[in-house]
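A.B. asks: Chains as they are written, first to last, in full-length UniProt numbering: chain A, 1 to 144; chain B, 1 to 144; chain C, 1 to 144.
Hints are not guaranteed to be accurate.
Listed next, the stretches of chain A that the computed footprint assigns to chain B, with coverage defined by at least 3 CB atoms under 8 Å from CB atoms of chain B [to be verified]:
1. 8-19
2. 77-84
3. 104-118
Listing some non-contacts, in silico: residues in chain C with all C-beta distances to chain B over 12 Å [unchecked claim]:
4. His63
5. Asp87
6. Val119
It should be emphasised that the hints constitute simulated quantities derived from the structure, not laboratory data.
Glycine included, C-beta positions come from ideal geometry on N, C-alpha and C.
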Amino acid sequence: MPDTRARTDLYLLTQQFYARQMQALDGGRFEEYAATFTEDGLFQHLSTVEPCRGRAAILEMLHEFQRTRFGDDPVQRRHWFSQIVLDPQDDGSWRSTAYGLVVTARPGVRQPEIAPSCVVHDVLEVDGDDVLVRSRVITYDHES
Amino acid sequence: MPDTRARTDLYLLTQQFYARQMQALDGGRFEEYAATFTEDGLFQHLSTVEPCRGRAAILEMLHEFQRTRFGDDPVQRRHWFSQIVLDPQDDGSWRSTAYGLVVTARPGVRQPEIAPSCVVHDVLEVDGDDVLVRSRVITYDHES
Amino acid sequence: MPDTRARTDLYLLTQQFYARQMQALDGGRFEEYAATFTEDGLFQHLSTVEPCRGRAAILEMLHEFQRTRFGDDPVQRRHWFSQIVLDPQDDGSWRSTAYGLVVTARPGVRQPEIAPSCVVHDVLEVDGDDVLVRSRVITYDHES
Numbered sequence: 001m002p003d004t005r006a007r008t009d010l011y012l013l014t015q016q017f018y019a020r021q022m023q024a025l026d027g028g029r030f031e032e033y034a035a036t037f038t039e040d041g042l043f044q045h046l047s048t049v050e051p052c053r054g055r056a057a058i059l060e061m062l063h064e065f066q067r068t069r070f071g072d073d074p075v076q077r078r079h080w081f082s083q084i085v086l087d088p089q090d091d092g093s094w095r096s097t098a099y100g101l102v103v104t105a106r107p108g109v110r111q112p113e114i115a116p117s118c119v120v121h122d123v124l125e126v127d128g129d130d131v132l133v134r135s136r137v138i139t140y141d142h143e144s
Numbered sequence: 001m002p003d004t005r006a007r008t009d010l011y012l013l014t015q016q017f018y019a020r021q022m023q024a025l026d027g028g029r030f031e032e033y034a035a036t037f038t039e040d041g042l043f044q045h046l047s048t049v050e051p052c053r054g055r056a057a058i059l060e061m062l063h064e065f066q067r068t069r070f071g072d073d074p075v076q077r078r079h080w081f082s083q084i085v086l087d088p089q090d091d092g093s094w095r096s097t098a099y100g101l102v103v104t105a106r107p108g109v110r111q112p113e114i115a116p117s118c119v120v121h122d123v124l125e126v127d128g129d130d131v132l133v134r135s136r137v138i139t140y141d142h143e144s
Numbered sequence: 001m002p003d004t005r006a007r008t009d010l011y012l013l014t015q016q017f018y019a020r021q022m023q024a025l026d027g028g029r030f031e032e033y034a035a036t037f038t039e040d041g042l043f044q045h046l047s048t049v050e051p052c053r054g055r056a057a058i059l060e061m062l063h064e065f066q067r068t069r070f071g072d073d074p075v076q077r078r079h080w081f082s083q084i085v086l087d088p089q090d091d092g093s094w095r096s097t098a099y100g101l102v103v104t105a106r107p108g109v110r111q112p113e114i115a116p117s118c119v120v121h122d123v124l125e126v127d128g129d130d131v132l133v134r135s136r137v138i139t140y141d142h143e144s
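Sequences are here, hints too, so could you generate the full structure?
C.D. replies: Okay, structure coming up:
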């Protein structure tokens, strides 16, 4: 079991990891986002569709979601995280649980939509200063 | 007076403390929340009622608030914090001042309510890596 | 190039710097806010007006903005930041990119306005534990 200092360092690493990951996602850099998962990483984005496994599948899903949900609609989304909790697991990985809100802005509309409220359930693999997502499951507060 | 390194470590501890504390509160684990206060900790939740003192009183207040405010209404609340500022006090405790927003989701309603905006005024007691709230007073921006 | 540990420390310093800076701004302590810039710091607040350069100009702009935008309107604003990314630059400064939301509360109105969604583009100068803003440009998601 890692000691307190290790956990403290990891908290900072995780904050920075999430910040870069979300700026990649919101910037449309989907390959960069997919590369934040392990090779066989699992991503359950919506409760209504099967989870994706592997970077190629994640990348394809993101493009598909972008196309079907937004099409040519020029929205700018911003994924906000808060209240990250890290818990060590027996196999050396870390469970990360964070609150999420999606901010969606449209050209000319000063007030963004802020929805939905969700919880991000990650399992993180940490190797030195490198963090990867082994699995990510999003649960939505309005679906519970 | 603690040096900069000590304060830096404490900032991380405080972020993690708040994250666990809010996930406990929003998860309905009120005993876990009450245990984040000192034995005689003070909690001023609303400006219109007297503050509670002591874990038993805090626990009772939380159950009462849940019952009278929400009853059987199946809301999911998420307490977000931001912009935490820590200031050392002469007695070794720390003043913590943070912005707060309460996100409230309802089943089937994708867009949560985000209200009110408040400021969390804490006095924290720190013993090694352990943080406890000696007092918490919430002020509401729409009441000022 | 600073090593990972240096960057990790800086991430914490930056979080604390932003927290104090925003509490100063939202508390109307504009001189304290202006002092968080370098002597000749640049602040591009709105896309529609020229950027300010220097603390005196920033201070004057803040008072002017407060007067013309809000007048005697007793709003309480809260600036929230999220997903801060830090990147080192060749000259030793740091590029900081963060999401921002402005929460505006009015007396008697429980639900605040949360708008606009923006991105804060800073260049930070770091000297030991001291952080100053060399330049800040805000871009607004509804203007892109």
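A.B. asks: Take the hints in turn and mark each one as holding or not.
C.D. replies: Taking the hints in turn, this is what the structure says about them:
no., hint, result
1, 8-19, "holds (count 3)"
2, 77-84, "holds (count 3)"
3, 104-118, "holds (count 5)"
4, His63, "holds, 21 Å"
5, Asp87, "holds, 21 Å"
6, Val119, "holds, 16 Å"
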